[in-house]
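Chemist: Letter by letter, the chains look like this.
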Amino acid sequence: MLQQADLRDVTRDDTSLRRFLHGLPGVDQVGAESRAALLATRSIKTTAKAWALDIAIRMVDLTTLEGADTPGKVRALCAKARRPDPSDPSAPSVAAVCVYPDLVATAVEAVHGSPVAVASVATAFPSGRASLPTKLHDVKDAVAAGADEIDMVIDRGAFLAGRYLQVFEEIVATKEACGPAHLKVILETGELATLDNARRASWLALLAGGDFVKTSTGKVTPSATPPVALVLLEAVRDFAGATGERRGVKLAGGIRTAKQAVRFLVMVNEVAGEHWLDPSLFRFGASSLLNDLLLQRHKTHTGAYDGPDYVTVE
Amino acid sequence: MSDHEDIGRLPVRKTYKLYVGGAFPRSESGRSYPVTATDGSLLAHAAQASRKDVRDAVVAARKAVAGWSGATAYNRGQVLYRVAEMLEGRREQFASEVAAAEGIPREQAAKQVDAATDRWVYYAGWADKFAQVAGSTDPVAGPYFAFSLPEPTGVVGVLAPQESSLLGLVSVLAPVLTTGNTAVVVASETRPLPAISLAEVLATSDLPGGVVNVITGVTAELAPWLASHRDVNALDLTGAAPGERAALQRAAAENVKRVYVPRDLDWQRDPGTSRLSPFVEIKTVWHPIGI
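Top to bottom, those sequences are chains L and B. Letter by letter, the first sequence follows residues 637 to 950 of our numbering. Letter by letter, the second sequence follows residues 2 to 292 of our numbering.
Same shape as in the complex, but just chain B (with noise of 0.2 Å):
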């Protein structure tokens, strides 16, 4: 008994898979990786996802579609500002993650996480504004209103930043959602955790399942199957390194994705609606009046 106490607690260690559909599976490839902190040591295995773990994000995200972008604006905000609240209930653990995933001290590692909970509160807000400043009355020369909508494009392939594991990823994942897309994530390839950790925030927020799934592997593996499938509507080329662009590029061309290749990789600056317009589809009507 006295032996008790010297023994302490074996440490419950997290096992880190892949975010479809709703489901934390691991990659059907049963392959993981090992993800380690910049001084080299070693801080989990993380699932290396296969095309076929792509190709089932895709399908999941597809079925989330109806549901998303039909559903109002004003609910995607509140289900949006609903993952802020819980980001901020786990303020301690992010900031951990992040500080060990990117070898920043701690202060500074939570100062990006108040930041990352910020851009999200900052996105819901736009879901149910954005239509009123991205979409038009139209003058015509004839007896019709015609006026203008951004509609969601559909599905989005997310290539995640390499470097900033969570205010960018955040970054530029929230504003596809915001617009009523899905998405399909591929997580930075070697600071993958924080991704997996703010799938758990998803997984509780009322997000539906299949509408964010987050893919861990080798980026250069994965996104040339994101980048070909046909039933992805557009691809976001912000993790891709600057070599693989031209072939992303042109393998997303053989179905004319919308692909966006960013201009801007400081993700403190206020981003206003730069991420927003990207990956929305402006539908015009046209109505008779006084008939």
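Looking at chain L on its own, in the form it has when it is part of the complex (with noise of 0.2 Å):
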């Protein structure tokens, strides 16, 4: 098992970083997709899937990430954040609501006084193609806009290029510029076309000090995949392992059903560990999923299958 110290040694330079990341055990892919496949098919019902449905509502970052962004629809999701199913005081509100960084202003001040945090995109969101200082300088605006975390993304294509060392001091310069802030590191994993990859970018943004590992931007295909999901959980439990240190996983992108979201919480709690089933450690990026929640939060409560004439729309 690796030590703390060992990790600060893979660090040091562009070579051990390499070695390190090609020397992690290689990710049996066939092995992968038949455990996350045999996974989902566990069965969760009555008060065990109650409860799921609700830990999972307070898991989601409400997220709008789309060109047509206006301050009103922000004011909207935030509302729908704060009290997600207006006719049922016991809904739990979710974890965050996701925007750009220039509505961030708009979002803190319509969450203000509730427990739900705001995340903002950063560093050149999605594709990440900008030089380092205008992508810290994007960090920067965020923050000081009142962002309590910020979602950053990789350079995928200095990662690719094998250029490691320069990915990890991207990320290391981010954490710095983000403060108090909580760093998500975005992978993007369908760009990176291997589990083997997904699990090298996963502990580099640990060991640089990512709090969160998190699939994708939700702009590619494909995204949250089960076996991707299987490699990061695997990752943080590993890391937690070597250095005692627990950080976190967010699923984003192709998540829209309520099922799909639970069969992901077996997975945490069967790779991860339990501690994983907390908001703290484990989000799922989405915007439709909330949606289907209530549905079925209200099937498990209700008896009756609910429709969508009974949910906000988006």
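Be aware that a few hints might be false.
[Said to hold, decoys possible] Label pairs and their in silico Cβ distance ranges:
(1) ALA829/L to ARG246/B: 40 to 48 Å
(2) LYS709/L to ARG251/B: 36 to 44 Å
(3) PRO35/B to GLY939/L: 25 to 33 Å
(4) PRO944/L to ARG27/B: 39 to 47 Å
(5) THR205/B to ILE680/L: 33 to 41 Å
(6) PRO944/L to TYR145/B: 28 to 36 Å
(7) THR682/L to PRO35/B: 31 to 39 Å
These are computed hints drawn from the structure, not numbers from a lab. Using N, Cα and C, we set each Cβ at its ideal position, and we do this for glycine too.
Fit the two chains together into the complex; they arrive one by one in their own frames, and the hints show the way.
Modeler: Right, here's the structure in full:
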């Protein structure tokens, strides 16, 4: 097992970082897919299901990342984040709202006085194609506007070209620019091509101080597939084993149904452990997922199937 | 080689499945139940749907509402007429199935199939005429045009008649489609096979997937889920047992569904517009004159 001292050593220079990342055990892709598929067959019913639906709602980062976002849309989203189900006060609020940096101030004002945090994407989201000073300026803007959490994107071009130290240093610099804000590192696994790369990128982000590793921007398919989630959860589990520090995982993109969400929760429990069944260590980045969670919640409470007429439109 | 002719050919048996969202899935529950002829001999096994199949069917029907209700009435008529064309082409098959299901002579069954095809043509014709009959320009005391138009109700749950396996089914299903609704049909519990064959006809007739969804199984098990489902807009109780109707109506009242309880179950009689009007909403538009 890795020791903390070893981990400090591996980030000393490009060569040792590369040696460490390429020395990580390879991911058996077929094995990862079948393990993920097996975990998806677990049946979660009655009280366990009701618990899972509520915790899943509390783990949602309610997201709007469109060119057409307006202050009005962000305020509506925040109202929904604070009180997802106006007809039922027992429905919990979500973890955070996630917006572009220029709308952070609007969101901060709208969630004021509630437990909902404001997350902002930054560092030239979603492509990450800008110079480091520009990216850091983007981050500082968002933090100054009041963002509690920053979702950065890694430079996939540098990562795929093998310039690991550059990626590492960008994450370190971003973490520093965040100040008190939490940093989530978006790996965009859909562009990393292999699960081996997803594992390497996760470790790279964790070594650099990312508080969360996040699968995707939501702008690229495939996004948060079950095997990718498995690899990220293994990385935070092993990182915690090596250092004693628990870091989080955020799955984003393509998670639309409560059924998918509950399956991921089973995976979190089985792979990382029950400590991770907490909004401080596990999140869903989603928009339409919340409505389906609410519909299923109605179903468990009333016994009758519900329809989209009974939840707010996005 | 000499034995070859004696062996004969193995029959290719059909697996009767559900029809949901344009596909033919098995029941989510994996269940099936034996379907027998009136003399008790086994005809086939049909899928025994569960409440989750009902839920999936409603989701499929909801998805199809925008396309089907948004199609022009003329286009809907054309598609429905196409269904009748396909029915005509399968006349022999349906005659055998209806004869086996209902225990009637083949000639009589063939007449039922012809009547069902004619009924489908009848309703196809109504598609672009019903608005003229059910709609109106309203005389109002002011400088306005006011006109009223029938619009589709949305997703209609249909409990198909238990006795008449094809003519009865067509008589309750076609009018729902004519006015632009989508349907989740619970087929006759003891005679479901012609309904699944009808689904094969629908699947090959330009009818978009999800407009009609056919579920087979125990009506008393499935109907309450359909009646209480908040995303179903109307319910046709034709196939419900008289003793269950009150409970279904109560469940349907939860989201103020339109509920249709038929008085006339003689499928041979000319239906007029009696089954077209229950599943529409009248929209009235006022338009100022001279401004």
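Chemist: Each hint: holds or not?
Modeler: Here's how the hints hold up against the structure:
no. : hint                             : verdict
1   : ALA829/L to ARG246/B: 40 to 48 Å : 60 Å, violated
2   : LYS709/L to ARG251/B: 36 to 44 Å : 40 Å, holds
3   : PRO35/B to GLY939/L: 25 to 33 Å  : 31 Å, holds
4   : PRO944/L to ARG27/B: 39 to 47 Å  : 27 Å, violated
5   : THR205/B to ILE680/L: 33 to 41 Å : 39 Å, holds
6   : PRO944/L to TYR145/B: 28 to 36 Å : 34 Å, holds
7   : THR682/L to PRO35/B: 31 to 39 Å  : 32 Å, holds
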